[in-house]
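What follows is the residue order along each chain.
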Amino acid sequence: MPRLKSVEELESFRAGLRTARDPKRPCLTVCAGSGCTAAGAHDVLAGLRTELAKHGLQDAIDVKSTGCHGFCERGPLMIVWPDGTFYNQVAASDAAAIVASVSNGHVPVEKLLYRDPVSGKRVIHEEEVPFYARQQRVLFGNNGKIDPKNIEDYLNVGGYSALARVLSTMSPEQVVDAVTRSGLRGRGGAGFPTGLKWKLCRENPVPRYLICNGDEGDPGAFMDRSLLEGNPHSVVEGMIIGAFALGVQEAYVYVRAEYPLACEHLRAAIDQAEEYGLLGDDILGSGMKLYVHVVKGAGAFVCGEETALIASLEGRVGQPQPRPPYPAQKGLWGRPTVINNVKTWASVPVIINWGPEWYAGIGTEKSKGTMVFSLVGKINNTGLVEVPMGVTLREMVYDIGGGIPGGKALKAIQIGGPSGGCIPADLIDLPIDYERLTEAGSMMGSGGMVVMDETTCMVDIARYFMEFLEDESCGQCFPCREGTQRMRQILTRICAGNGTEDDLLLLEDLGWLMKQASLCALGQTAANPVLTTLRYFRDEYLAHIRERRCPAKVCRELIFYEIEPTLCDGCHACVHVCAGQGILGEKGQVHTIDRAKCTRCGACLEVCQPKAVRVGTGSPARAGVARDGAGGDMVCQN
Amino acid sequence: MTETELQQADFILGQFDDQRANLIAILQDIQGKFYYLPQEVLGRVARKLRVPLTDVYQVATFYRCFSLVPRGRHQVQVCLGTACHVRGAPRVLDRILTDLKLAGPGTTRDRQFTVLPVRCVGCCGLAPVVRVDNSTHPHLTQAKVRGMLNKYRLKAQTQEEIASTEEAGDGDATAQVG
Amino acid sequence: MPKLTINGIEVLVEKGTTVLEAARFLGLPIPTLCHDDGLAPASACRLCVVEVRRGLEGRSKLLAACSLPAEDGMLVHTNSARVQRARQLLIELYVATCPSSKRIQDLASAYGVHECRYEAEHENCIQCGLCVRMCEQQMMAGAIGFAGRGADRHVSRPFDMTSERCRQCGACLYICPVCELRCAGPAADTTLCNGCLNFAPVCFQSYDDAMCFLDPCHACELAGPLRPDVRPRTPTSGVPGTPTKIKTRARATVLSGEKQ
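So the protein sequences, as listed, match chains G, Z and U.
Just so you know, we're using the numbering used here here: the first sequence kicks off at 1 and counts up by one.
Just so you know, we're using the numbering used here here: the second sequence kicks off at 1 and counts up by one.
Just so you know, we're using the numbering used here here: the third sequence kicks off at 1 and counts up by one.
The shape of chain G in the complex, shown without the other chains (with noise of 0.2 Å):
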């Protein structure tokens, strides 16, 4: 494939394409995203090349791995070309009815459809499926219809097009003036206005550098592990305008360990993207010269901090260092180094094709644009949302995501990891952008949305998370590493029934402190979840405190198990997996727990079919308890 050395022969080489593509092919296209995968999905690539190989028809019709769909709940996820049909769920034991209605006129099968649970009604588009159909998927749009291994499917559908024009028609200044006019701001968590950090990065002197940050370290946010697994180029083609805008001729991808599907797309895109001539010496016969090169990471979530992932390139620790000087002044080898992140990157080709204008009529007045959020945890459909700014909550939980499991109530919804904060089930009319969460006291962060119900214990989510952020502390700076640790100790004294009420001015001054003093962002936010849970669910820190009763009964050692004995069928299921080997009970009889020795795995009442396995909380040893009939739960009477 000899190089094209013109936006000309870019041109040309795509309508080339264009034309050698049949769009009535029929092409198997089936979601290869690490959730599929992990369902499964390299089964069913297999089983379909298996069964045309068998009929012979593996010249008429194609089989193509693409990247993640985003509803992840529903893998394996495949669609059908040029219909057009979803089906979810598949196995390979399904290729043999997919190819036969393929092969014969075009039947959708039946069983594989999306069904929607409000109707009951089967839908064959993507597009007809709810948690589709509110999304605006800007950046993900193209995942479904593209081998990520395959620069000419990115080609074929308009890929790199956005820097023929950059580099045909455009100034560097007028790239910076697009992105700033567009209001894109910065996707990795702060917010931080794109246009203006490239502006403020080309007032310091060349040589200067370009990251790209793929540390997404959020627990519960894979929205650039899918980006960059899925369409690595899209990432690719905006870093090499951002490069032509900044005079950047090296540039980074940094990329978590935990990643390495995305490390390994990424990789082949930059080499095929060479190969092509649109990275290397002379990208394009425009003169410009610019180097990516993939980094992976080691294990850290402070990296995904700009200045720790910076330390990082360097080959030292990843401690953050005090701002001023910001990374724009000086940053990687101390020269001027804008850093942005994955969906930052890929949402400049849009803005170049689209126009600024239009981008910036998408979202909220401050918020503009679409975000991707990983919509997971406690709700019926988990996965990929990309939605434009200013979305209510509701519609989120509700519209996009099929509700709660087991209709059982919204408690709270966890935005921006480790450093956003517990938003409560009443404000669920708020409009999603950055402001607003800030005012809620959570934060936009990277995207990550947990959503929880009632039977997430608040104060346990506290915990978690400052062990989360104990854990990932560099520790170089006093407040955050002593604060963390502090506040960790208070919250399993809590979590164990031991706290008292001064505990909670404890944490109120130590959270302070943390917001006030410390080094970097991740130690200014980490007291975000604990104080966002005491303002909007102290009666559950007080339930702990005052009663040791954990309302949503998860703290193990306010929790008991008992099995309820009109309802225990004897079948011994649960003594199988007891992990204290202490029920007791004869095959059809009613069996008991030994409390001595339960260890509240909560291993039996996964097991236990005719539920008749409960959790009470509360101290149950004292006199005279009573029993509310609703779920078992025991409340105190003295």
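Simulated from the structure, these hints should not be mistaken for laboratory data.
Don't take each hint at face value.
In silico SDA-like links for lysine to any residue, alpha-carbon gap of 20 Å or less [what the hints assert, rightly or not]:
no.	chain 1	residue 1	chain 2	residue 2
1	G	Lys515	U	Arg53
2	U	Lys61	G	Glu435
3	Z	Lys48	U	Glu164
4	G	Lys111	G	Glu127
5	G	Lys330	U	Glu164
6	Z	Lys144	G	Val607
7	G	Lys611	Z	Gly88
8	G	Lys597	Z	Asp99
Got chain G; can you put chains Z and U on it based on the hints?
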């Protein structure tokens, strides 16, 4: 370390030029090869990159991917991300530890398994998730733990049996087990 | 040459001057623990935080003065209510971390910290990094360094063995602000250094005694009832989970020593 192992380490070092920035990548390759960072090799790395050993040691002990003690043959990574947490991951972790007779995350005595908590492998739709080596196990419950671990135990057993029958001189088709 | 305003006083400084240097030039006291003029700043102890605002309308934040380059138009306050509260909360935590340190006890009495609500941990190191920086930057040896991360982070020698780079100069002991580096005696292979060859051994044994062990604490001499000859024992907590109430009854009105 044996002479062969040192040569293998030197070979890895030879792939990189001696810039400080290569430190983490070098350590990643060493960790990948030996399942830990041997002390002698760290000394060589320090000399190659012309940095004090304290610097190399600091980096080796800062990042979770690295271990100064040998890790097990199978890495059991239990995801403790937020989505997995609310769907019961801590209990799954406890069950795995109990099954492998470990008091906390670490390596089993027979060096078959190392259990490590990780924070988010990015498969939140399939929570709780456990990754063993390169396979991701979705929707794990406590009841499924033993079956999952047994798959790897069997593999380990098979390999040991093959190795021991070969040693005994029975290195033909009779070594086929299970 | 940037012109900034500190506590209402305008001052013109050379480019590259830090806010800490500018404040000291004006004679304004800012406490520090991890700072030394001969070493690069670490911004680790956070005791030197000052309130900084850019322009009158901007929001203010607390930043460490030791590493903050002075910029034109900066408005700095070294003793605002926010700064004072941050200092007190920090010092309270420092007392809980190293109760038997003279430096920290002095800071507590100087800045009005009279009780510590946290359980005493006796960590004997605040990880200011002075010893590491001293060894690397002044003594050019780099024999000790940090290892680990977060709660596990500690000053160490690689693989806990004395390196050949250590010249036993004792600079690390000298520079330590909490004076808690200890020498375990003549077991040369596995101890931090052979400092006992350079210094008289120090006594660290009485954890019940919150007073210093190197020389009498300035503040308690002034306060009268806490003169060295009549020092009371401070209570230790016997019950896990109960914060040790370390009370310094000295209400000193004098700022302790020049060591800061």
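Status of each hint after checking the structure:
1. G:Lys515 / U:Arg53: holds, 17 Å
2. U:Lys61 / G:Glu435: holds, 19 Å
3. Z:Lys48 / U:Glu164: Status holds; Cα separation ~17 Å.
4. G:Lys111 / G:Glu127: Holds. Lys111 (chain G) to Glu127 (chain G) sits at ~18 Å (cutoff 20 Å).
5. G:Lys330 / U:Glu164: violated, 36 Å
6. Z:Lys144 / G:Val607: holds, 11 Å
7. G:Lys611 / Z:Gly88: holds, 18 Å
8. G:Lys597 / Z:Asp99: Holds, because 17 Å separates the two Cα atoms, which is no more than 20 Å.
In the structure shown, a violation is registered for the earlier hint numbered 5 alone.
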